[in-house]
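The primary structure of each chain is shown beneath.
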Amino acid sequence: MFCRTQTTRATIARGSALEMEIRRGKFRRSVFLDTLQDSDIQKKIDHEIRMRDGACKLLAACSQRDQALEAAKSLLTCNTRIMAYMSELQRMKEAQVMQRVARRSDGTRSSDAGPMDDRLPCKGKVAISDLRIPLMWKDTEYFKNKGELHRCAVFCLLQVGGEIHDTDMVMVDRTLTDICFDNTIVFSEASPGFELRVELYSCCSEEDYSAGSAPRKLASKLSSSLGRSAGKKLRVAMDPGACSPTSNAGAATLLLPGPAVAGPKYHLLAHTSLSLSHVQDSFRTHDLSISGNEECSYWVPLYGSVCCRLAAQPHCMTQQMMSGCLKVKQLGGDPQSWTNVYGVLKGTNLFCYHRQEDMEANVEPAFTIAINKETRIRASEKDPHSKAQSICISNQYGGEEVTHTLSADSREETHRWMEAFWQQFCDMSQWKQCCDDLMKIELPSPRKPALVTSKQGSLYHEIVIDTSDDISTVTDILTQRMQELELRSQLGTSPPWMSLFEESPGGPPTPRLARHIPRSPHRLPHSPLSSLRCPWPGLLSSDASLTSDSDSPCSTSPCSRLRGWAEPLSLSSPRFRPRTLSLDAKLSTLRGRGYGGVLQCSCQPPSSSSLAPIPAECVPQATLSCSSSTSSNSSSEGSHSPSSLDGTPFSRPSSARRSLRNLRAKLDPRNWLQSQV
Amino acid sequence: MVCAVILLLNFGYQTMEMPFCILKGSSVHDVGDSALHFTFYQRIEICKLRQGEHLILGFSIGGGIDQDPGQNPFSEDKSDKGIYVTRVTPGGPAEVAGLMMGDKVMQVNGWDMTMVTHDQARKRLTKKNEDIVRLLVTRKSLEQAVRHSMM
Numbered sequence: 001m002f003c004r005t006q007t008t009r010a011t012i013a014r015g016s017a018l019e020m021e022i023r024r025g026k027f028r029r030s031v032f033l034d035t036l037q038d039s040d041i042q043k044k045i046d047h048e049i050r051m052r053d054g055a056c057k058l059l060a061a062c063s064q065r066d067q068a069l070e071a072a073k074s075l076l077t078c079n080t081r082i083m084a085y086m087s088e089l090q091r092m093k094e095a096q097v098m099q100r101v102a103r104r105s106d107g108t109r110s111s112d113a114g115p116m117d118d119r120l121p122c123k124g125k126v127a128i129s130d131l132r133i134p135l136m137w138k139d140t141e142y143f144k145n146k147g148e149l150h151r152c153a154v155f156c157l158l159q160v161g162g163e164i165h166d167t168d169m170v171m172v173d174r175t176l177t178d179i180c181f182d183n184t185i186v187f188s189e190a191s192p193g194f195e196l197r198v199e200l201y202s203c204c205s206e207e208d209y210s211a212g213s214a215p216r217k218l219a220s221k222l223s224s225s226l227g228r229s230a231g232k233k234l235r236v237a238m239d240p241g242a243c244s245p246t247s248n249a250g251a252a253t254l255l256l257p258g259p260a261v262a263g264p265k266y267h268l269l270a271h272t273s274l275s276l277s278h279v280q281d282s283f284r285t286h287d288l289s290i291s292g293n294e295e296c297s298y299w300v301p302l303y304g305s306v307c308c309r310l311a312a313q314p315h316c317m318t319q320q321m322m323s324g325c326l327k328v329k330q331l332g333g334d335p336q337s338w339t340n341v342y343g344v345l346k347g348t349n350l351f352c353y354h355r356q357e358d359m360e361a362n363v364e365p366a367f368t369i370a371i372n373k374e375t376r377i378r379a380s381e382k383d384p385h386s387k388a389q390s391i392c393i394s395n396q397y398g399g400e401e402v403t404h405t406l407s408a409d410s411r412e413e414t415h416r417w418m419e420a421f422w423q424q425f426c427d428m429s430q431w432k433q434c435c436d437d438l439m440k441i442e443l444p445s446p447r448k449p450a451l452v453t454s455k456q457g458s459l460y461h462e463i464v465i466d467t468s469d470d471i472s473t474v475t476d477i478l479t480q481r482m483q484e485l486e487l488r489s490q491l492g493t494s495p496p497w498m499s500l501f502e503e504s505p506g507g508p509p510t511p512r513l514a515r516h517i518p519r520s521p522h523r524l525p526h527s528p529l530s531s532l533r534c535p536w537p538g539l540l541s542s543d544a545s546l547t548s549d550s551d552s553p554c555s556t557s558p559c560s561r562l563r564g565w566a567e568p569l570s571l572s573s574p575r576f577r578p579r580t581l582s583l584d585a586k587l588s589t590l591r592g593r594g595y596g597g598v599l600q601c602s603c604q605p606p607s608s609s610s611l612a613p614i615p616a617e618c619v620p621q622a623t624l625s626c627s628s629s630t631s632s633n634s635s636s637e638g639s640h641s642p643s644s645l646d647g648t649p650f651s652r653p654s655s656a657r658r659s660l661r662n663l664r665a666k667l668d669p670r671n672w673l674q675s676q677v
Numbered sequence: 001m002v003c004a005v006i007l008l009l010n011f012g013y014q015t016m017e018m019p020f021c022i023l024k025g026s027s028v029h030d031v032g033d034s035a036l037h038f039t040f041y042q043r044i045e046i047c048k049l050r051q052g053e054h055l056i057l058g059f060s061i062g063g064g065i066d067q068d069p070g071q072n073p074f075s076e077d078k079s080d081k082g083i084y085v086t087r088v089t090p091g092g093p094a095e096v097a098g099l100m101m102g103d104k105v106m107q108v109n110g111w112d113m114t115m116v117t118h119d120q121a122r123k124r125l126t127k128k129n130e131d132i133v134r135l136l137v138t139r140k141s142l143e144q145a146v147r148h149s150m151m
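Taken in order, these protein sequences are the chains called A and B.
Be aware that the first sequence starts at 1, since it is given in our numbering, and climbs by one per residue.
Be aware that the second sequence starts at 1, since it is given in our numbering, and climbs by one per residue.
You may find that some hints are simply not true.
[What the hints assert, rightly or not] Simulated restraints, written as ranges between beta carbons of each label pair:
no., chain 1, residue 1, chain 2, residue 2, range
1, A, 138, B, 47, 47 to 55 Å
2, A, 376, B, 79, 52 to 60 Å
3, B, 131, A, 42, 52 to 60 Å
4, B, 79, A, 42, 39 to 47 Å
5, A, 403, B, 79, 53 to 61 Å
6, A, 175, B, 140, 29 to 37 Å
7, A, 305, B, 140, 41 to 49 Å
8, A, 102, B, 76, 56 to 64 Å
I should point out that these hints are in silico values taken from the structure, not numbers from a laboratory.
Keep in mind the model is a prediction, meaning the values are calculated, not measured.
Cβ atoms here follow ideal geometry from the backbone N, Cα and C, with glycine treated the same way.
Input sequences plus hints: build the corresponding full structure.
Put into structure tokens, the structure is as follows:
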């Protein structure tokens with residue numbers, strides 16, 4: 001009962017009861033063998049059903065719109081897969097039945113293998129990547145600023161035979177000019193006559209999905225829920241065609257259609273079919289057939305084409321089709337000059353290595369014979385000099401014809417090599433342009449971090465503030481001077497113009513400021529200033545927080561406290577106007593850098609208050625809170641960030657440290673800002 | 001197959017939700033292998049503390065779609081432009097409510113925080129007329145904690 005030539009490799013144990021039954025003729029072995037293929041599909045169907053149940057439950061449970069959309073997408077994919085498997089199962093059952101009928105009629109077992117000269121081309125990998133679908137918004141829509149953005153969720157479903165894959169979901173609104181899918185999808189076993197069906201599904205993302213929607217709307221949603229093509233398939237699958245086995249048919253009626261769930265429903269928006277003629281190693285544009293019109297909720301104005309890169313790698317180009325020991329002689333050479341080589345037929349070449357080990361060691365082959373469309377191969381009659389048949393391979397190398405003669409060890413070997421060459425030619429004629437050169441297919445790594453395109457940010461955010469203008473040089477000079485002065489002022493002197501940067505203590509705080517700034521030291525509950533070796537003149541100014549408009553000096557009582565042990569810290573007015581880069585703005589920021597209550601030198605751990613007493617050491621790092629710089633209207637905001645340092649000592653640069661770099665850092669969108677709330 | 005697990009516990013007057021997980025479908029690249037990922041969320045309710053004129057929450061945030069995500073020390077995916085908690089004031093309202101450093105803030109009082117600028121995020125947290133903010137956060141360690149508790 002063991003039969004090695006059976007491709008399904010099903011074996012029935014000797015001496016088992018089943019074997020006895022078969023011997024007695026009660027069952028045909030084919031009944032059991034064929035069901036094994038069925039069971040593969042059955043397993044796949046079961047898996048997809050479980051996935052579908054999971055997706056349905058998720059859809060019912062989730063509250064977020066984008067989760068619901070993702071779940072609906074999974075549901076659609078599962079349904080499509082289930083139907084594809086079901087129809088495949090159906091076909092197989094029908095084929096079995098036809099076979100049984102044929103057997104019964106002639107009473108003989110049909111041969112398992114087809115006729116020998118029916119050569120099947122090899123299969124290959126087909127990959128589609130960089131899908132891009134251009135959109136065509138009307139002018140009026142594109143520039144419409146009022147009203148909410150009409151958004152749709154779209155994704156693509158790709159199908160080759162029984163393999164179905166979906167891309168990631170993309171949200172489309174009128175700010176998008178193209179729908180781009182970054183996924184690379186690879187179908188591993190495709191025949192040269194494959195048909196890659198690309199379907200674009202979309203779903204409006206603003207509908208109310210509650211169950212209480214109008215019955216008519218619900219009914220229309222449910223009826224179109226599976227999409228047109230899917231619905232057609234459904235009807236076909238449900239059709240009780242030629243006898244289908246009872247169990248599966250029963251299961252089919254239970255499975256389809258799937259449970260109706262309230263939630264977003266995707267509709268087929270466009271589709272197209274790609275085949276071998278569309279395969280190319282570069283991007284190509286194909287036409288899309290669009291279903292639906294402007295009245296549909298799921299409508300997205302498509303330009304009508306899709307760009308993508310469709311590549312194919314037939315197995316004959318990537319795998320070794322044949323290998324073995326050969327003797328090669330170049331025609332016209334010495335009749336005795338046979339070279340022993342180890343030949344490997346792969347792609348469009350026959351690589352000849354000196355030894356088999358060379359090939360495994362990836363050493364360069366001794367020479368290579370091209371086997372391509374222009375090659376002519378013929379088996380020659382018995383060579384009078386040697387007894388075996390030989391194979392002649394002729395190629396045209398630039399106008400010159402070069403012929404190699406191959407000879408194998410035995411007739412069977414020669415025969416096998418000829419078979420291999422024939423198969424190669426068959427493959428090349430079927431796969432056509434794919435066999436000219438190997439097309440690259442890049443497999444996506446499993447966790448590739450998605451390249452975030454800054455679709456959300458505006459161009460404004462991309463602009464780095466150019467600081468190489470005159471103002472900065474002036475202020476740079478001034479800050480340098482200030483730094484010098486710090487050191488000098490530690491000795492007690494300070495030039496007269498330093499007062500420009502110094503707020504006179506006791507300057508009258510404006511009433512506005514008084515409202516916002518809690519001046520009493522009790523604001524610093526646990527942060528005894530004594531613990532802070534690095535003084536924070538900006539502390540109080542931080543209370544002024546984000547009000548960029550408040551440009552009055554802050555209370556200075558703590559300042560005076562600080563003053564005691566940090567002379568150089570001269571100021572601390574929250575004067576702060578980062579809105580413009582005018583000179584006075586910069587100077588005023590230099591004067592009183594209000595840190596807006598939130599400063600954090602993230603590079604230095606909070607506990608490192610043990611900064612050098614000389615503030616000169618403390619170089620402000622990039623991350624400063626800059627809420628004020630990005631929002632000049634923050635003054636209207638309710639509770640300003642309060643600032644209080646809550647006892648965690650930060651390292652803060654001293655006021656004198658406030659070089660222009662701080663401002664640059666604040667305004668430079670490349671920094672990673674932090675705000676305290 | 002487990003889909004959504006939401007555990008709600010009532011502790012006295014305060015309703016605290018245990019971290020729950022949501023199944024998220026993902027697109028399939030490998031043949032035959034569809035993975036549904038678990039994302040763990042926790043709801044955190046912070047009562048603002050009044051300090052004079054200000055209402056403070058007691059933590060700092062970083063991130064935003066206008067910020068450079070590569071500098072975020074807390075994110076796993078360095079292209080994640082979400083809002084992360086960069087510091088929690090010890091003893092402050094956020095710490096009391098259970099917020100931790102490194103948490104990613106997904107929602108604040110129902111407002112999405114995954115696609116906001118830094119300033120928008122700050123504003124949503126510091127609205128003067130709100131005394132309580134309810135955050136939806138996620139953190140890596142949650143996943144491990146729930147896995148451990150499920151074992």
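Quick rundown of the hints versus the structure:
1. A:138 x B:47: 47 to 55 Å: Given about 49 Å between the Cβ atoms, the range holds.
2. A:376 x B:79: 52 to 60 Å: holds (55 Å)
3. B:131 x A:42: 52 to 60 Å: holds (59 Å)
4. B:79 x A:42: 39 to 47 Å: Given about 41 Å between the Cβ atoms, the range holds.
5. A:403 x B:79: 53 to 61 Å: Because 58 Å falls inside the window, the suggested range holds.
6. A:175 x B:140: 29 to 37 Å: Given a distance of about 33 Å, which is inside 29 to 37 Å, the answer is holds.
7. A:305 x B:140: 41 to 49 Å: holds (43 Å)
8. A:102 x B:76: 56 to 64 Å: holds (60 Å)
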